[in-house]
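If you read the protein sequences in the order shown, they are chains A and B.
Throughout the first sequence, residue numbering follows this note's numbering, covering 380 to 493 in sequence.
Throughout the second sequence, residue numbering follows this note's numbering, covering 2 to 115 in sequence.
Misleading hints may appear alongside valid ones.
[Stated by the list, open to error] Quick list of in silico lysine-lysine cross-link-like pairs, DSS-like style, CA-CA up to 30 Å:
{"#": "1", "chain 1": "A", "residue 1": "419", "chain 2": "B", "residue 2": "4"}
{"#": "2", "chain 1": "B", "residue 1": "107", "chain 2": "A", "residue 2": "419"}
{"#": "3", "chain 1": "A", "residue 1": "401", "chain 2": "A", "residue 2": "415"}
{"#": "4", "chain 1": "A", "residue 1": "401", "chain 2": "B", "residue 2": "107"}
{"#": "5", "chain 1": "B", "residue 1": "70", "chain 2": "B", "residue 2": "107"}
The hints are simulated quantities; they were obtained by calculation from the structure and are not laboratory data.
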Amino acid sequence: ETGVTQTPRHLVMGMTNKKSLKCEQHLGHNAMYWYKQSAKKPLELMFVYNFKEQTENNSVPSRFSPECPNSSHLFLHLHTLQPEDSALYLCASVPGTSGRDEQFFGPGTRLTVL
Amino acid sequence: DAKTTQPNSMESNEEEPVHLPCNHSTISGTDYIHWYRQLPSQGPEYVIHGLTSNVNNRMASLAIAEDRKSSTLILHRATLRDAAVYYCILRDQYSGGGADGLTFGKGTHLIIQP
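Just chain B, same shape as in the assembly (with noise of 0.2 Å):
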């Protein structure tokens, strides 16, 4: 099953921030935070990844939560191709190449309007 938890779907306007938000409770202290995002017809996209500090890079801020039991995904100024299936998910830094952390959830959906 996977350890994170996110809205179905969630709607925003161009050229306005997005919050896209992850729960993740049962997070271990050797986890990573990794965002993907997949557009229509596509294979998934790396965005944006983290262990403890925010980060930021040209695509995304990683915010996370002091006690790491949650994160926010970030997008400054949406525009209508940021419309995307956004994945959160965990991975251990110790993981040895194993299966651990490769498991994606059903994401959430956004929707960018005009």
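Okay, chain A solo, but in the shape it has when bound (with noise of 0.2 Å):
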């Protein structure tokens, strides 16, 4: 357990849907991650939020529109997604900004889209 939770653990969806995914942290924090992990490929980093303000998007689709209202949540809402979207999506959450600062991984939501 590194307390972090994120729900649901799964999720089947079609392309018309619209889902939202949930992050939640009581550690204190102040960054939260999205991460997409799909088959066989790395991790790849969607967003980063400092203190509730998003400070990246690395060129995601706008299908996938992220949501920080406070320091302990953070989600994912998702609409009219592809097929290729189906993957792993991971949070994670970081005491600080300082590169000493370890990242600590949710479970993540497997997802699939129909």
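With the hints as a guide, bring both chains together as one complex.
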């Protein structure tokens, strides 16, 4: 247990559905990230939030929409996804912005788009 | 692109030491060397990190070359539960919360034989 939880753990959705992924941490961390991990590909950083402000958007399509209402919660809103968006979506939190800081990962949400 | 190079896979026997290499020839003076591992069907977990000196913790040891262009993660006595993908990444200590150093490569798939 890392202290970072993600829900749901598994999600199956059609291309016309709208769904949201949730990440929660009560570790007092100030930075939270979304990563995508496709089969046989490295982890891809999607979004970075520091102190609730989005600081990075790694050219992610607009069908993925992040939201960080407070420093403990991070959402990823999904709409009109494509089958190639099927992947493991991972959330991580970090105490601060120093390069010394360890990333705490959640267990991930396994997403399947039909 | 990832700034580190690791072998795709390594195999070791249970209860023997394992040395996982990582090359980072373009490392800067302010980059921390971080190691993470990802067990099957789980999110990555932190293993160890260091800057210049060798480091030890309950999970592993990190040996850093004098010129810092390479490092080795050492598992002193491998168990079957250590079978995972091991990632070596660089993180600038002055990253300021940006995306620098949050790039995971393909990592090394460690196979442990009973």
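Do the hints match the structure? See the list:
1. In summary, the hint linking residue 419(A) to residue 4(B) is supported, as the alpha carbons are separated by about 19 Å, within the 30 Å threshold.
2. Our distance criterion of 30 Å between C-alpha atoms is met by residue 107(B) and residue 419(A), whose separation comes to about 8 Å.
3. For the hint pairing residue 401(A) with residue 415(A), the CA-to-CA distance comes to about 14 Å; that is within 30 Å, so the pair holds.
4. Of the pairs offered as hints, the one joining residue 401(A) and residue 107(B) holds, with about 26 Å between alpha carbons and a cut-off of 30 Å not exceeded.
5. For the hint pairing residue 70(B) with residue 107(B), the CA-to-CA distance comes to about 19 Å; that is within 30 Å, so the pair holds.
Of the numbered hints given earlier, the model fails none.
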